[in-house]
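Peer 1: If you read the sequences in order, they're chains H and B.
Here the numbering used here is used: the first residue of the first sequence is 1, the next is one more, and so on.
Here the numbering used here is used: the first residue of the second sequence is 1, the next is one more, and so on.
Keep in mind the hints are simulated off the structure, nothing from the lab.
Careful, some of the hints might be misleading.
In silico negatives: residues of chain H with every beta carbon more than 10 Å from chain B [what the hints assert, rightly or not]: (1) Ala314; (2) Glu597; (3) Ala668.
Partial list, derived from the structure: chain H residues whose beta carbon lies under 8 Å from chain B [stated by the list, open to error]: (4) Leu232; (5) Phe370; (6) Ser382; (7) Ser383; (8) Ala385; (9) Gly489; (10) Ser519; (11) Phe520; (12) Asn525; (13) Leu528; (14) Ala598; (15) Asp599; (16) Lys697.
All values derive from a computational prediction rather than experimental measurement.
Ideal placement from N, C-alpha and C gives every residue a C-beta, glycine not left out.
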Amino acid sequence: MASLGSVLLALAFAAAATAGLIALIWRHDERKLVLSRRIVYGFCFLVTACIAIIEFEFLSDNFAFKIVQEHSSLETPTFYKVAAMWSSQEGSLLLWAWVLSIFSSAALYFTRNKLRQLVPWATGVMMGIATFFTGLMLFAPDVNPFSQLNPVPSDGIGLNPLLQHPSMMIHPPMLYSGYVALTIPFAFAIGALITRRVDAEWIRATRKFALIAWTFLGFGLLLGARWSYTELGWGGYWAWDPVENAALMPWLLCTAFLHSIMVQEKRGMLKVWNASLVVGTFSMALLGTFLVRSGVLQSIHAFGNNTVGPYILALIGVVVIGSTALIISRLDELRTPKRIDSLISREAVFLVNNLLLVGLVLVIAWGTFFPLISELFTGNKSSLAAPWFDRYTTPLAILLVLFTGIGPLLGWRRVSWKTARRAFRIPVAAMVVVTLALALFTDAGSRPWALALFAFATFAIVGIGQEFWNGAAGRKRLTGEPMGKALLGIVTRNRRRYGGYIVHVGVAVLLIGIAASSSFQTNQNVELKPGESTVVDGRTVTYVRPTSKVDGLAFTAGAIVDVQEGSKTYRLETTRRFYRPTGRGGVGGIGDYFGGEADSTIGLWAGPVRDIWVAVQPNIVGIERKARIAEQGFQTCVEAGPGTPPQCKDVRAMMIAARDNPALQPEALKQIERLQELTAKRIARGYLTENATATFKVIINPLVLWMWIGGLIALAGALIAIWPSRGRRKGALVRTETDALKEAKYREIRDAELDHAAGKLSDEDYAILDAELRKEAVEMLDELERSREGARVGAGAGANGGNGNGVGNGNGNGAVTEHANGNGSSAAEVNGNGHHGNGNGNGHDPAAEPEKAERS
Amino acid sequence: MLLAVALIYTSFSASTEAKEPSQIMAAGTGTYEMTGEVVRGSVQHDGSEGISFRVVDRKGESQALPVTYKGAVPDPFRGGREIVLTGSLKGGTFVGEPETLITKCPSKFTTQTNG
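Okay, chain B solo, but in the shape it has when bound (with noise of 0.2 Å):
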């Protein structure tokens, strides 16, 4: 029962919230656990700053959000890919939080044609 109470609370206080890029530049400042698309050809790497793109939302149009980040980069990383990225809007910009950068595991190279 008590363990009950506790999962209850501290879910709700411990969760981020999962948001669509267009969500996020709706709702503003916040952190947030960003599910979108990698925009292909988007992705540049800044040298030592890490890596920065675009995301939109993952069904139906909308606009670029754009993202920097920082760490390590899963391999099947790249555009057109879904990923999901923990951070918060800072200036316009989505900062990931280094090592919360998830791309989905695709089981084909179905978006594979033009990366």
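Just chain H, same shape as in the assembly (with noise of 0.2 Å):
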């Protein structure tokens, strides 16, 4: 299996690298692109055959791999066995292989019949980015992760049993496909740069890869702050720490990059801004790899030793330089003329949430960074703890909610003040009234920075109800459905804005969680005998009684703890297990139950308005003395001194015997273990009438629940996102870049409407807009017609042919779309049932063709 492993992994590193160059030297060939396509599905395949294998040794626990007998052993929970794999430096490497595969063959099956320019360079950037990390594998010292090992060891060393935690399973690879799925908005980018196609193209065909990114992304790190919160000793859910970080900066970035890609869409505008922040992100997510793999700086995250971290460095720098070089070179194109032609539109404030949300990062970066920077100017590494994160990212986190309240209230391109007044009103006056209730009758007047943030999340949230309510009751309105129908109904129709506003709604839940439980914890260390009480925040907390088992894995301490809140007792259990070292062989001594690698398992009480946590920190100083008595009673029993008792010489004999006659030497192990374990129990017993003083670490944790509830509503808003809309899902809609182009036109006419009809924007506003509109889009539909006559063929006219495309507004109704009853009043978005009122073939109506070719 070895042997074969490498060999695919090797064909594997070829094909990329074939691929890839295919690509690039045939790019005018049709049919060499079809075959460059076809060897990255075999890529794909060779690296997931690699991936099977080891995995396949993991479960099977062939200790003659290095990786399983590194990172597993035979008493690894099977579930876990799965699982070691990307704890490993090699596996990770396989594992963004792997996913950088299946992401470059999706990237490449979607776009196979568009983008014809773009598509080789971009697919000679992700099979480049591929070869590396492939020959990483092949040719770097220590990471391949088929190596051997001569002799083979009987057992593993195994998982630690830290990582042995459920999240295990699913952190790391959502980080990963977050980090990875980022190489392909950069690669079209690329792709977009060097064959000077810098319009909106390669950003509506990777836009959905930029979104999947952000939500794997964001996925991960929502997991990880929550496997943190449970832990000890690991700082909360949040500790700035540098590997955290470097999840976090690519996902701001990415954030921003989501947003401001929706200007060059509809405005064409901040071209060199996307540019520049696709690289950004991308070579965050390199750097984010680099730090967990390199060490360079201090982080709980950094793993074991390190050998490709110098060699993640050197693509960064090429990713870096290069990129910079050819945004520069293309500057001409990427400039235009275009300007913001109003302070309150939602451009303005995209460009300011733009601005915000790299000052975070630049923020982030450099405390990061800083102990690098410091030695660099004062030759002393020195390191920039929490607070001082927190006195930076306060203020602009707090700032990014008022401006995720503000975007989605205002239209594109213009709104009066008029319609602005209309759209602010609600919510700003629920923001002062919440914000005064919580001034008066809670403590919260007595953190300004926390009031400013529930305040500005209030606004946020009332408005995007706001929206929802007003986008509702205009489709009730048109259609006449119920409200629930026409919320639904809304929101399916139009994911992509809808699902973003339920993002930022999450966002807002997910912001007061922190404020509350950064702002209002409580967090104290307490020392107690059991039976012992102490009064924390207001609440008893009793140390009931202590815990204390042992099986053949570890030795656990525990407590049993009460916390009386008000007229409620809480029954807690928390408790510090000790593992035995695994994967060493032979008969360790009794010590080993006591002295291993411990595990806490925090006592959590979860509610609405706080969480309460409790860990314990047992003393076992008088078990390790007394295991230390045991380990040289056993030894004395063992040489069978004088006193001994009569068992005692049993086991002498016993192991006499076997160290004559090797055959017996398995059940004489057994025979010592089961001796030992039974002595271990007996200590462990006595822990529970030491009467030990034990630490308690108790924290009181206000709103905490509604960050994770927030992350989720958040995740849920990405994923209504992501999920393809019904024309897309029947394939029939986008087959080319100019359908694609028609198709953005549309949706902008769509989206025109709909902020009229949600009261965005005022009457004359819209009429001014949708004219503009309408005109680009007539302009767009004559050329198209222009440049495909002659080609076009009855079949390929399909749902639109027949009419001779559609037909004019002349009748200057203002509408986008006529209805079957002919009262021409509005949106196609709004009412579902947009139709060709007049169909006689000497016009054009633009927004009615996506909804036409859906009932066809």
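Two chains, two separate frames, one set of hints: put the complex together.
Peer 2: And the structure:
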């Protein structure tokens, strides 16, 4: 299997390199490009096979594989044998390559009939990076996942018990997937820059991958935060640890990117900015991988020995320098004469939000790399702690929430003061009421930052609620559907917009949780003997009794704790497990039962108002002393000195027999182990009556539950936005670039309509905007018509061919769509049954077209 | 721009220097972020006084610096492990600030053998 694996890996390396080279060299040859795409699929298959082999070896405990021996053992539960692969350096590189192969294949599949000029370059970039990572496994020292051990050990070292947590199964792959998915927008951006096709087509083709990356990273971060929250000594859900920051930075940049590309799509602006953002985001993703693997910075995440750091650093250098040079050389194409029409418009808010997000990233990057920066200037590695980060990120995050609320209330291009005032009335009123209530009736007023955040989050949530309400009400007016159905209707018909709004609500709720739990948390260490009580933040904490247990794997010492809050009492159990070392062969001593790797389990009572969090640090000094005595006693026993009980003679006799007769050895070992376990159990029971003082860490964390709820809401919103729209699922609409262009224009018209229907655009503004958009759409369609002249085939024309591509709005009713009944009053997107009112074949009715295709 | 100036200014004033035990012993008083390796078998529980142990440089030989610490002890903490601890030198002993003890997350049991 090992040689097969090595061959497959070498083939994968060759496939990645070949696919990239073919795409670059024969970039004008259609058939060669098909070949290159198929080789990418093949690459995906090969890496999948490599993963399958490694996983198979993990599951079958083949300790001939170095990776298996070092990260798994016979005792490792099956679930964690699967996850053990990515706890290793070589395994995570393989995971990188695998995820990249999947995303590359998907990206090339979805663009197989599009972006003819870009795809070869994008393939080159994606496969270049794939070649790099597979090459690293093949040629860099110590990271070949198929390395063998000789002689073959009988057992493995095992997966660190700290990593034996369900999150280990999902948290690392999620983050890796997020990092890797960012390769796709980056690759297509490079393609766009090289071919000078810097309009929005590369964005449309890869937007979804950016969104997927965002979702994966977000989920990975949330899961990591949750995991860290339930561990002792990991600093709660967030500690500004370099590796945490390394995952947060690309996520923040990706957030900025997802917003600013909308401005490019709709207005053709911010091209330089977007190109720089995508390069920055991808570089940050690589940097994250590098930080996790290199140990240049002090972090609780720094994983063991590292050998690939310098290579990844070199790749980052190439990416950053190459991309920057490319952007500079294309500045003429990227510059646009367009300016933002009005400061009260959605694009202006997007710009502000982008600046805030990039500002956040700059702060975090500075703080994260400060040890390196300070070493450069002062020769000393100095580091910055959480308070420094908080000082800057808090105000930026608060402003960000404010703009998260403002953005959705404003329409694109222009918004009159009157309309803006109308949109802001309710959210601002809600904000004022909630802020006053909080300041008067709670102690929130003592923390102005937290109070400001609560205020702006209220504003954002209510504002988005109003958006949903207005949208649904508009649809209800037009269709007569009940409110619930209308609400569902607007969301399913405009997933991207409403999905995004849901994300905003989620983030606002999440930040409320963070602000409350970080500003109003009580965190105390208390020392108690069994039976004793103390008061923490108005709650009585009682150490009811100790617990203790020994099994083959570990010694567990814990505590039952009662927390009395008002009239209610919550019973919590918290423990610390000490794992016996594994994979050393032979029999250890009794001390092994108590001196192993520790892993705490916290007692947690989660509630909507507050979490009660308790962790115990049992004092096992007495236990350790007893274990040492027992160890000596056991030694004396084995020597069968005078005064030892008769069993000792039996043990001694058996050991002597085993020494002479190797066949008896396993049996003898088993006997000794059994004896040791009995002794260990007796000692462990002693802990129950020792009356030893234990140290408890008690945290009362207000509203922290909302952080997780908000995170889940945001993820749900992202999934709604990712989910393909109905037309897209049918696969009929977007076949070519021009179709995509057309669709984007339609979307813009529909958006304007929706804004108008929701009262965000005044009638006059809407009339002007709509006329402009419509003119652009007609021009575009005319152009399309001309370019297609002669090339049109009956079959291809399909849905819209028959009637000469739509009808004008010369009747001047100003509506994009006419109803079947001809009242022509409004929105295709809102009423959902837009219709070609007068299909006489002499004009265009752009927005009706997608609807029609959908119906037909 | 303003942000940049503020960043640079406060980061230099708010940062704590990271030093290894030998550097701390040479430098004397002050607040440092100490990085080093816990000496095997040196960890002692002082009852309600927290724990005490000795720390040496991560690489190379150095004299061991005695350390006391009160507060939550991370699970992976043990002899032979690398730690980061903020604190200051008082009378030849490095006194750690509560809740600042960080233990590096080991991905393997490499330093386990004689813990």
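Peer 1: Next, verify each hint and record whether it holds.
Peer 2: Do the hints match the structure? See the list:
{"no.": "1", "hint": "Ala314", "verdict": "holds, 24 Å"}
{"no.": "2", "hint": "Glu597", "verdict": "violated, 7 Å"}
{"no.": "3", "hint": "Ala668", "verdict": "holds, 24 Å"}
{"no.": "4", "hint": "Leu232", "verdict": "holds, 6 Å"}
{"no.": "5", "hint": "Phe370", "verdict": "holds, 5 Å"}
{"no.": "6", "hint": "Ser382", "verdict": "holds, 4 Å"}
{"no.": "7", "hint": "Ser383", "verdict": "holds, 5 Å"}
{"no.": "8", "hint": "Ala385", "verdict": "holds, 7 Å"}
{"no.": "9", "hint": "Gly489", "verdict": "violated, 44 Å"}
{"no.": "10", "hint": "Ser519", "verdict": "violated, 17 Å"}
{"no.": "11", "hint": "Phe520", "verdict": "violated, 18 Å"}
{"no.": "12", "hint": "Asn525", "verdict": "holds, 6 Å"}
{"no.": "13", "hint": "Leu528", "verdict": "violated, 11 Å"}
{"no.": "14", "hint": "Ala598", "verdict": "holds, 4 Å"}
{"no.": "15", "hint": "Asp599", "verdict": "holds, 5 Å"}
{"no.": "16", "hint": "Lys697", "verdict": "holds, 5 Å"}
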